[in-house]
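Protein chains in written order, with our numbering: chain A, 372 to 634; chain B, 1491 to 1751.
Hints should not be assumed to be uniformly reliable.
Calculated cross-link-like contacts (lysine to aspartate or glutamate; reagent style EDC-like; alpha-carbon spacing at most 20 Å) [claimed, not checked]:
hint, chain 1, residue 1, chain 2, residue 2
1, A, 601, B, 1589
2, A, 519, B, 1581
3, A, 628, B, 1542
4, B, 1611, B, 1682
5, A, 584, B, 1542
Under 10 Å between C-beta atoms, here's a sample of chain B residues computed to sit facing chain A [stated by the list, open to error]:
hint, residue
6, 1541
7, 1561
8, 1564
9, 1568
10, 1580
11, 1581
12, 1583
13, 1584
14, 1585
15, 1623
Which stretches of chain A does chain B cover? Using the computed rule of at least three CB atoms under 8 Å from a CB of chain B, they are [claimed, not checked]:
hint, stretch
16, 460-473
17, 534-541
18, 561-569
These are computed hints drawn from the structure, not numbers from a lab.
Glycine residues also receive a C-beta, built at the ideal position from the N, C-alpha and C atoms.
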Amino acid sequence: MNKIEIVNDNINIINLNNDITYIIDENSLVKTLKLKILKDTSLFINYNFDNLTKLEVIFELNEFTNLKLYEIKTGFESKIRTKYLLEKESNLNVLKFNDVDTINENVVVNLNGKNSKINYIFKTISTSKEKYDLTIYHNYLNTESYIKNNGVAIKDGKIKFNVSSFVEKGNKECNVNQVNRIINLTDNKCEIYPNLYIDEYDVNAAHSALIGKFSDTEMFYLQSRGINEKDALMLLIKGFILSDIDLEDIKEMISKKIQEYWR
Amino acid sequence: MHSLKIINLCVDIDNKNILNNFNLEIKSGEIHAIMGPNGTGKSTLLKVIMGDSNYKITSGEIYFDDTLINNLEVDKRANLGLFLGLQLPPEIEGVTNADFLRTALHSKEKENFKLFDFIKKLDENVEKLKMDKSMIHRDINEGFSGGERKKNEILQMYTLKPNIVMLDEIDSGLDVDSLKIVGENVMDYYNEYNPAILVITHYKRLLSYIKPTHVHIMKNGTIIKSGDNTLVEYIEKNGYDNLEKIELNSTCIVEENKKNE
């Protein structure tokens, strides 16, 4: 798999084949990595921040390309802006996991071409302030977005998901989906804004937002099989965070993180 | 030999009395069936025995053998040997059946837990219950049909090998074939491990597989009549109306049944 390691704003290209080209722009206010996807491929990006980092990463998907993208972020304070630009018949599957201490992340999705599609799955374990602004522009007919944000707030964790999907008049037959859920195991305030801004009648749209703890029914069910409260909670958190993750290495890494937090 | 003894149990939820001086004792080798109209507290009874904290015991005692379990945590009750097969088992996202069962059995057996034995037994039981093998690796009850969920409950029972088995309307949502599989498997378990079984049902058809040694009729949070299997026939023909006013013993019930034929 193609692989890039980013430590603070140092970008190390570990392995990139000819399906992806890149430019690093150091002259703009924020260091920017631009990646252009030319053919169907997959890419793993590992971010690690140990001081305040500002960074922009732009993904451009050519027409008729599919990208499977894995992004893992760990470390401390960071301000990240990510843009996904999708051309005609392109398909982007994003699987992101964050385990960061204070982050402000801005994600913009531009579905620019007919039948372009994004499937965006995001998971985070929050131990401090995390703010995510995610904006999806359906700029063409028949475009599709499926956005799933799952967060667990623990210790001093505080999560804010501000998710906005836009469809302008004339962009018919778009599919717009948002599923946002925060399990809040703290007394802090967590927020979700699942916004739909749709100026077209011929659109399928759905959004959901849920903040709370795991249900009593789920806990009772697990405990009624002899699993103690702590292990039942860990099982539910693992399920919540690990569902949809299809790479064993990433699953294992996240499982270890969860074990560390709930040891 | 194990027993579950409930003495003068009164239970409230949201200040509403659900169970009212409820008494029952069941022992290993006995199969008790509780029947009764909707809303009489049958499901509440089982959840209270299992320790659901949504219900408040206002008076009375629940004993497992000689241990008072009124204030015991749910998981500790399960590890003593209590099992509740739910009427509506929940779906749990991201937690596979295999992970769930492995964690549950590990909690029970601790250092004696053997992964290989667990997998082998699980495969055998899945086959015995005629379940699709892929269900083991699917999230708990996600996308399962009513019948698959109930079989999954029985699979959990087989894995955990409880001494006191409580089944809440295990027949609801089952087609005739699935009912037969579930019923026969409960009886196989009974014949092999000699547990005490407490089953709640509205229908005679389940009791043609799981043959009760004792039948109780519950109304307004308490048992109003107890008898043997003939009581099931009586209820099937006469319903629950005025049952508390009628003096019945086994012979009477048979006669009542004959009269109605």
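Okay, the hints, checked on the actual structure:
Between residue 601/A and residue 1589/B the alpha-carbon distance is near 15 Å, which keeps this suggested pair within the 20 Å criterion. Between residue 519/A and residue 1581/B, the direct Cα distance comes to roughly 19 Å. Compliance with the 20 Å bound is thereby established for this hinted pair. Only pairs whose Cα atoms come within 20 Å are accepted, and residue 628/A paired with residue 1542/B is rejected, the gap being roughly 31 Å. A C-alpha spacing of about 15 Å is found between residue 1611/B and residue 1682/B, which places the hinted pair at or below 20 Å, so the restraint holds.
Proposed proximity of residue 584/A and residue 1542/B is supported: the alpha carbons are some 17 Å apart, at most 20 Å. Hint status for residue 1541/B relative to chain A: holds, with the closest Cβ pair at about 8 Å, below 10 Å. Residue-level restraint check for residue 1561/B is violated (minimum Cβ-Cβ distance to chain A is 15 Å; threshold 10 Å). About 4 Å separates the beta-carbon of residue 1564/B from the nearest beta-carbon of chain A, less than 10 Å, and the hint is met.
A cut of 10 Å between beta carbons decides the hint on residue 1568/B: the least distance to chain A is about 4 Å, and the hint holds. With a least beta-carbon distance of about 5 Å to chain A, the hint placing residue 1580/B at the interface is held under the 10 Å criterion. This hint holds: residue 1581/B has a C-beta 9 Å from the nearest C-beta of chain A, less than the 10 Å allowed. Annotation: interface hint on residue 1583/B holds; nearest CB of chain A at approximately 6 Å, less than 10 Å.
Because the beta carbon of residue 1584/B sits about 3 Å from the nearest beta carbon in chain A, less than 10 Å, this interface hint is met. For the restraint placing residue 1585/B at the interface with chain A, the shortest Cβ-Cβ distance is roughly 4 Å, inside the 10 Å limit, so the hint holds. Given hint, residue 1623/B at the interface with chain A, is violated; its Cβ is 20 Å from that chain's nearest Cβ, farther than 10 Å. For a cut-off of 8 Å, the count of residues in the stretch 460-473 of chain A with a CB near a CB of chain B stands at 0, and the three-residue condition is violated.
With 0 residues carrying a beta carbon less than 8 Å from a beta carbon of chain B, the stretch 534-541 of chain A misses the three-residue requirement, and the given coverage is violated. Counting residues of the stretch 561-569 of chain A whose beta carbon lies closer than 8 Å to any beta carbon of chain B gives 0, which falls below the threshold of three, so the coverage claim is violated.
The structure fails hints 3, 7, 15, 16, 17 and 18 (numbered hints given earlier, in ascending order).
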